[in-house]
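Q: Here is what each chain is made of, one letter per residue.
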Amino acid sequence: MTADLSKQEPVDTPPPAGAAAPPVDPRLLVREEGFAGYWSEFRRKLRSGELGSLPVVVGLIIIALVFQLRDSAFLGAENLSNLFVTAAGTGLIAVGIVFVLILGEIDLSVGSVSGLSAAVFAVLNVHHGMPEWLALVLALVTGALAGVLHGYFFARIGVPAFVVTLAGLLGWNGLMLQVLGSNGTINLDDSGLVAGLTNHYFADVSAAYGLATLGVAVFFLASWRDSKRREAAGVPSRPLSEIVLRTAVLAVPAYAVAWLLNQYKGLPLALVIFLGVVVALDFVLRRTSYGRKVFALGGSVEAARRAGVNVAAVRISVFALSGTMAALGGMFLASQINAANQSSGAGSLLMNAIAAAVIGGTSLFGGRGSTWSALLGVLVIQSIASGMALLGIASAVQYMITGAVLLAAVVIDSLSRRTQKTAGRV
Amino acid sequence: MSAPPVLALRGISKRFGAVQALTDVELEIHAGEVVALVGDNGAGKSTLVKTIAGVGPADDGVIEWEGRPVTVDRPHTAQELGIATVYQDLALCDNLDVVGNLFLGREIARAGVLDEVEMERRSRELLATLSIRIPSVRIPIASLSGGQRQTVAIARSLLGEPKVVILDEPTAALGVEQTAQVLDLVERLRERGLGVILISHNMADVKAVADRVAVLRLGRNNGTFEVRSTSQEEIISAITGATDNAVTRRRARTAGEGAP
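First to last, the sequence lines map onto chains A and B. Position one of the first sequence corresponds to residue 7 (this note's numbering), numbered consecutively onward. Position one of the second sequence corresponds to residue 328 (this note's numbering), numbered consecutively onward.
Next up, chain A with everything else stripped away, as it sits in the complex (with noise of 0.2 Å):
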């Protein structure tokens, strides 16, 4: 997955010798050919601070290797099915936090308002007997409409994010204890749809294997593609050798994956839903125009502005985009205990989900981000929860721990942002 991680930042190549040849800026540093050219390359954007999202990969391999020197379950093939499941529901969240944070706002809102959709499926579907897939739907428009509210406040009155999304907070927790009645504690149909986002697995090995080649023989011919085309119209490609590299990096990790799970039960339906909800939203942010608008906003406002985006419009969308993954997000926290109640989306949910976020590597700066921080950033936090549940360590240290690195990835993001001042670099 690491190859698609970074941002596609074509190498230019040396002009091709020859009358056409276009004027070249004699100080810009033309890459070595090959492989010693990939490596100097890589050296200097480490020193230049743009790490993307090295430090997060590195993180996880470290986090991975002491949990399973304690305790040699940590990789095992049911403990990281489950820890696949159990991030799906945060990770959700989080890929919504990406697009906010990434405007270089905050929505403090997102554990509220998935505790509030589950507890508007839960009532519609057991208490007024709705098929469960309206409810859903109804469940999620329910998270849209109080991101819409949050964009218009923010967009149209001027109220700062972070104060409208705080009342938020608490408004849509007060509204999901309302919803919820008197009984407080709701349980879903157990072989239910929602039940089954977390419950379902594909066992067929072939799904997990299929899912895996998909995923590399797309990311290659796309890869390819686009520098086939690159290579037409006379802008700098990718060699070969280089998309070859890259899918590799992508199918060893894919494959290994694919392996683990067939060893426990499958391929579960909520890693599907949530990787595909990645790539699209991944799809969205850096190939549509409405994704360099969203991008645009984050590095000028005024610059957007100028340049005709609707910038009202497009705030209120991605607070609307927020509220809708954090209401698919509670869908699946709710399907994996079976039930809303009254502590749906409280907690630590929230803090985890924009830690998430910000520990895949997503700037609280603004402008800069990635969907894939959230898969990143979630398998992170979940890494930690799971290995500390594991070892038996009580929940206070795993607090403490993940606020830790919590911090760690703030300071990350700052030093490298610092680092990229000094080198020219945002």
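Honestly, the hints are just simulated from the structure, not real lab data. It is possible that some hints are incorrect.
Only part of the chain A face toward chain B is listed, based on derived beta-carbon distances under 10 Å [unchecked claim]: (1) 187; (2) 190; (3) 238; (4) 239; (5) 243; (6) 245; (7) 303; (8) 312.
Here are a few chain B residues that sit away from chain A, every Cβ distance over 10 Å (derived from the structure) [unchecked claim]: (9) 343; (10) 409; (11) 431; (12) 444; (13) 448; (14) 502; (15) 510; (16) 535; (17) 544.
Ideal Cβ positions, reconstructed from N, Cα and C, are used throughout, including at glycine.
Fit chain B to the known structure of chain A by using the hints.
A: Then chain B, alone, in the frame of chain A:
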């Protein structure tokens, strides 16, 4: 003069509350001509530019575009007519690369998907025709020097195929070499047949590239000068009003009318 001016302002007035910011201002820009707009701070240069760019429409007066009176009440209208404005603060997104900034707000997409290849190709083409040297079109704007940013901002204004480009202090805060690059670029705009309004405080720049100098003083025209036949001192005294009397005004007027 045979062809009508591409852009002409007739009797533009603008008030802000109790302040009469512009009074009966006249300005003409022909194709392939660089007109420097000079004046002291508060003389009304920015206000005038805003009326042309559609950001702050005038209270009175007529804007003529290629001889026809037009209403410019929104930035969008100005852009559609073919008026591009490069503001002093550039309005670039630091986190986006050069291509992303050039095409911000007018991305090229195929079936809803950004066509990065085509945008990159056109960016290189555009920068090459303007002889703009940027290390790579795929690096973030943040890593460019001030002069390079300015050239990117100007290049961006050209993407909409404008006929008039307004440059608001393009060389303020630039070094010697970078200033020269921007001035070169202004000359290339003139060679391409564009009308350029250059706002500047720097008389050396004005003398270097402008064909005519329009002086604003306290919201009024204070003369239009042919750059070749006017000394720097004359322009400066028009700006400061040191020789603001009937004689200089008359001389300025006849000089302006006698322009080729």
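Q: Per the CB criterion, is residue 239 of chain A less than 10 Å away from chain B?
A: OK, holds: residue 239 of chain A within 10 Å of chain B, min 5 Å.
Q: Compute the least Cβ-Cβ separation between residue 431 of chain B and chain A, then decide whether it is above 10 Å.
A: 4 Å, violated
Q: Evaluate the condition: distance from the CB of residue 444 of chain B to the nearest CB of chain A exceeds 10 Å.
A: The claim is violated: residue 444 of chain B sits with its nearest Cβ about 5 Å from chain A, within 10 Å.
Q: Going by Cβ atoms only, is residue 303 of chain A closer than 10 Å to chain B?
A: 9 Å, holds
Q: Can we keep the residue 312 of chain A interface hint, with Cβ of chain B closer than 10 Å?
A: This interface hint holds because 5 Å falls under the 10 Å limit.
Q: Please confirm whether residue 544 of chain B is truly not at the interface, meaning its C-beta sits more than 10 Å away from all C-beta atoms of chain A.
A: 29 Å, holds
Q: Less than 10 Å between beta-carbons is the criterion; does residue 245 of chain A satisfy it with respect to chain B?
A: 16 Å, violated
Q: Is it the case that residue 510 of chain B keeps its Cβ farther than 10 Å from each residue Cβ in chain A?
A: 18 Å, holds
Q: Quick one, is the residue 243 of chain A hint okay against chain B at 10 Å, beta carbons?
A: 9 Å, holds
Q: Is the nearest CB of chain A more than 10 Å from the CB of residue 448 of chain B?
A: Non-interface label on residue 448 of chain B violated, nearest chain A Cβ at 5 Å vs cutoff 10 Å.
Q: For the hint on residue 190 of chain A, just tell me whether its beta-carbon gets within less than 10 Å of chain B.
A: Since the shortest Cβ distance to chain B is 46 Å, the answer is violated.
Q: Quick one: work out the minimum CB distance from residue 535 of chain B to chain A and report holds if it exceeds 10 Å, violated otherwise.
A: At about 23 Å from chain A, residue 535 of chain B clears the 10 Å cut-off, so the statement holds.
Hints 1, 2, 6, 11, 12, 13 from the earlier list are contradicted by this structure; the remaining hints agree with it.
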